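A.B. asks: Residue numbers (our numbering), protein chains in the order written: chain A, 18 to 460; chain B, 18 to 460.
Just so you know, not all the hints are guaranteed correct.
No more than 25 Å apart at the CA atoms, straight line, and that leaves these computed lysine-lysine pairs for PhoX-like [stated by the list, open to error]:
| # | chain 1 | residue 1 | chain 2 | residue 2 |
| --- | --- | --- | --- | --- |
| 1 | B | K334 | A | K22 |
| 2 | A | K401 | B | K334 |
| 3 | B | K22 | A | K334 |
| 4 | B | K414 | A | K334 |
| 5 | B | K228 | B | K216 |
It is worth saying that the hints were derived from the structure and are not from the lab.
Model, not experiment: these values are computed from the prediction.
There are 2 protein chains.
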Amino acid sequence: MSRPKPLSGFPEFLPEQALVEQRVIDIVRDTYELHGFARIETRAVETIEELSRKGEITKEVYTVKRLHADPHDAADLGLHFDLTVPFARYVLENSGHLNFPFRRYQIQKVWRGERPQEGRYREFLQADIDVIGENELAQHHDLEVILVLLATFERLHREVGIAPCLMRVNNRKLAMGFYAALGIEDTMKIVQTVDKIDKIGEAGVRAELAKLDATDHQIDQILAMALIRTDDPQQLRTQVAALGLDHEQLAQGLDELCDVIATAAEQFPGRVIADLRISRGLDYYTGTVMETELIGMESLGAICAGGRYDALATDGKRTYPGVGISLGLTRILAPLLTKNKLHATRSVPSAVLVAVTDDDNRSQANGVAAALRARGIACEVAPKASKFGKQIAYADKRGIPYVWFDGISGSVKDIRTGQQDEADAHQWTPAAADLHAQVVTAH
Amino acid sequence: MSRPKPLSGFPEFLPEQALVEQRVIDIVRDTYELHGFARIETRAVETIEELSRKGEITKEVYTVKRLHADPHDAADLGLHFDLTVPFARYVLENSGHLNFPFRRYQIQKVWRGERPQEGRYREFLQADIDVIGENELAQHHDLEVILVLLATFERLHREVGIAPCLMRVNNRKLAMGFYAALGIEDTMKIVQTVDKIDKIGEAGVRAELAKLDATDHQIDQILAMALIRTDDPQQLRTQVAALGLDHEQLAQGLDELCDVIATAAEQFPGRVIADLRISRGLDYYTGTVMETELIGMESLGAICAGGRYDALATDGKRTYPGVGISLGLTRILAPLLTKNKLHATRSVPSAVLVAVTDDDNRSQANGVAAALRARGIACEVAPKASKFGKQIAYADKRGIPYVWFDGISGSVKDIRTGQQDEADAHQWTPAAADLHAQVVTAH
Chain A
18 MSRPKPLSGF
28 PEFLPEQALV
38 EQRVIDIVRD
48 TYELHGFARI
58 ETRAVETIEE
68 LSRKGEITKE
78 VYTVKRLHAD
88 PHDAADLGLH
98 FDLTVPFARY
108 VLENSGHLNF
118 PFRRYQIQKV
128 WRGERPQEGR
138 YREFLQADID
148 VIGENELAQH
158 HDLEVILVLL
168 ATFERLHREV
178 GIAPCLMRVN
188 NRKLAMGFYA
198 ALGIEDTMKI
208 VQTVDKIDKI
218 GEAGVRAELA
228 KLDATDHQID
238 QILAMALIRT
248 DDPQQLRTQV
258 AALGLDHEQL
268 AQGLDELCDV
278 IATAAEQFPG
288 RVIADLRISR
298 GLDYYTGTVM
308 ETELIGMESL
318 GAICAGGRYD
328 ALATDGKRTY
338 PGVGISLGLT
348 RILAPLLTKN
358 KLHATRSVPS
368 AVLVAVTDDD
378 NRSQANGVAA
388 ALRARGIACE
398 VAPKASKFGK
408 QIAYADKRGI
418 PYVWFDGISG
428 SVKDIRTGQQ
438 DEADAHQWTP
448 AAADLHAQVV
458 TAH
Chain B
18 MSRPKPLSGF
28 PEFLPEQALV
38 EQRVIDIVRD
48 TYELHGFARI
58 ETRAVETIEE
68 LSRKGEITKE
78 VYTVKRLHAD
88 PHDAADLGLH
98 FDLTVPFARY
108 VLENSGHLNF
118 PFRRYQIQKV
128 WRGERPQEGR
138 YREFLQADID
148 VIGENELAQH
158 HDLEVILVLL
168 ATFERLHREV
178 GIAPCLMRVN
188 NRKLAMGFYA
198 ALGIEDTMKI
208 VQTVDKIDKI
218 GEAGVRAELA
228 KLDATDHQID
238 QILAMALIRT
248 DDPQQLRTQV
258 AALGLDHEQL
268 AQGLDELCDV
278 IATAAEQFPG
288 RVIADLRISR
298 GLDYYTGTVM
308 ETELIGMESL
318 GAICAGGRYD
328 ALATDGKRTY
338 PGVGISLGLT
348 RILAPLLTKN
358 KLHATRSVPS
368 AVLVAVTDDD
378 NRSQANGVAA
388 ALRARGIACE
398 VAPKASKFGK
408 QIAYADKRGI
418 PYVWFDGISG
428 SVKDIRTGQQ
438 DEADAHQWTP
448 AAADLHAQVV
458 TAH
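Based on the provided sequences and hints, a complete structural model is requested.
C.D. replies: Here's what the structure looks like:
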């Protein structure tokens, strides 16, 4: 068997990288739970029918079929390509057992059969939150999910050293009302064109809008609005008013956006901004929309995005409006880990290696390990009673900071400093920073 | 859109069930890490070539293919059906970056295209540990992985109320040596026949052995050995000796088994037994083999199994021997959760609902929530400033034990007792048992 090669688009991590990933997942999960979001997991597969509801995304679906199924049968299952479609199905399927408004988080892999390229993956981890109501959902939940994500990014910045975020927020009603006030009928086309501004630039958008038969005046106005960008709600009102358009939907969207920005920018200054070019291409958003980048790492793209939708799903009798955000963990972590910008201080959970003095007396070392574990200290026992220098090298290679010698009432050596002290395995604790592997940022 | 129906064989949990599952996963993960096992995750897909190495299992594989791939192209990817094949591939692929002996755990979903039936799933969660050496791996690691699993089951029993386990251990060398001493050549066939004894009974095994041309004497001896079952190493030696056969491999296997049982039964009395009928059907095991049941829930089958293998993988130059055990979390949890034998005290992480007195002053309630979260207390803010009775009912429906009123210096009510006390949101903490949802066992 020759050495297997990685599959392009399916990133996998070494143990020390997986430790960093786990730490990040733990922070995300903890923050979501502190805000009352309940974890669910959905199965990896959905019916092709369910996956096809959104139309064009079906081209990226991986189908799933039993190897010995009739080769002429069409596949009727596919891997989920996001966590929104499965969640919509889960809500409909279980609505009688859920309490609304329902806050849920989901941290799971998703799959897309895309051509792999820099920053695009075929398998990647997402961490979504949504708040879903039954028939109605109050406006303040838009602010809620934004604050949860800003709190998450703040912890990832402070606790793991990931770059701080900038969340760019807009409101679909504001844009739709504005375009309607300009006399444009197919407003969705305009939304999708303006959405490309960061990719194709102002001139590109101008050219595409012209092809959609927008007049020069309309194009000027659309671009003038798209370039508004401020974290000051008063400024926002002034700049939008300066464009001189009046429309009920525009006014409502502006109010909603000002409310969100006012509180979010106050609580997380410098991390959130109203940016009227943001529109998200998907047509199911109906209010607040947001995109997030990491400051100084904009090349990673929007590593977090979402918005408000009036109907996540409907079963005919009831509709389920909601607001949600999706955080792309693999899109953040894979580049940072691969380029070694983040790494862990060790490759194993063990804080201590218990040395073995005599192969016939492993039970002594096992007893020390049991005493340490009983107090939450991860450890492992040396595989062989080799010379102590070799056992210390075993620990060093794995980044294990301490080596224990000579039984319960023994001694413990910090192999980084060489300091060795008498210690009792029922009492001793490592320095707090050594209990678990730490994440280190390279600059 | 009508209400979707569950897919048979793909279990999903409600939020309060998912809380129980998460708690179980956390205990398993914590125990594995305390023993120095490092987490890795492998991608969900492997090449069909990789998945086919073990031959007959390929019939259960789910293939994966892009929806718009040429329908005539054979699929070249499939979902992994266990975590051993992906781990073998991972070790070969990354061997230059791993330190051996390498302890890893993997808690991931696996997929099998089986016909769904009671206790069989098409998607299920496994939690595996393995210790892998490069070219060699000391015998004591067999005992190590057994002790890790026994410690895991003990915590699941004590902390979550899952039934205690009985691990049945045997040794492939003992069996192979015994059959060889009886003059049998195709010993693997005998192993696979004896493995069915719990399913088809002694008479069934007798009949199948006769078809394999075993003599009456050989059949008597095979069954006499298969019926040996004791947790006393001395008894084990005596009973095997009484069969009157002598063989080097038999003696070596017996020594290994006695060593394992002696320590394991001493540390976990009543939880582990030498049981010479256990053989595991797979042909790659070469020493210790084990199977685990839950006492009183034997109908769930072997919810945990594994063994020693001399070559997990080889790249021509090096071989990677190992020993590992796989824990079937879905096989344990799905029946217990579905029959409501285990449930959580609430359906959300929130320990506190912060009541809202005035819809225009949500920021007061948000401030309380922020103060509680800053000290690790999960909470949510009421969606509406409805009558307090209604807000309390909101908490009650979700199992949230406390409702907070009137700002940072406010009061908190335990809605189970009705007791309401003044409290400061920067100081107050819930009873320790209320901080997180608890798992409750129904008897």
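A.B. asks: Could you run down the list of hints and mark each one as holding or not?
C.D. replies: Quick rundown of the hints versus the structure:
1. Distance hint between K334/B and K22/A is fulfilled; the C-alpha atoms sit about 17 Å from each other, no more than 25 Å.
2. A hinted pair counts as satisfied when its Cα atoms are at most 25 Å apart, and K401/A with K334/B qualifies at roughly 23 Å.
3. This hinted pair checks out: K22/B and K334/A have alpha carbons roughly 17 Å apart, not beyond 25 Å.
4. The suggested pairing of K414/B with K334/A holds, with an alpha-carbon distance near 23 Å, which does not exceed 25 Å.
5. A distance of roughly 18 Å separates the Cα atoms of K228/B and K216/B; the hinted pair therefore holds under the 25 Å criterion.
Checked against the numbered hints given earlier, the structure satisfies every one of them.
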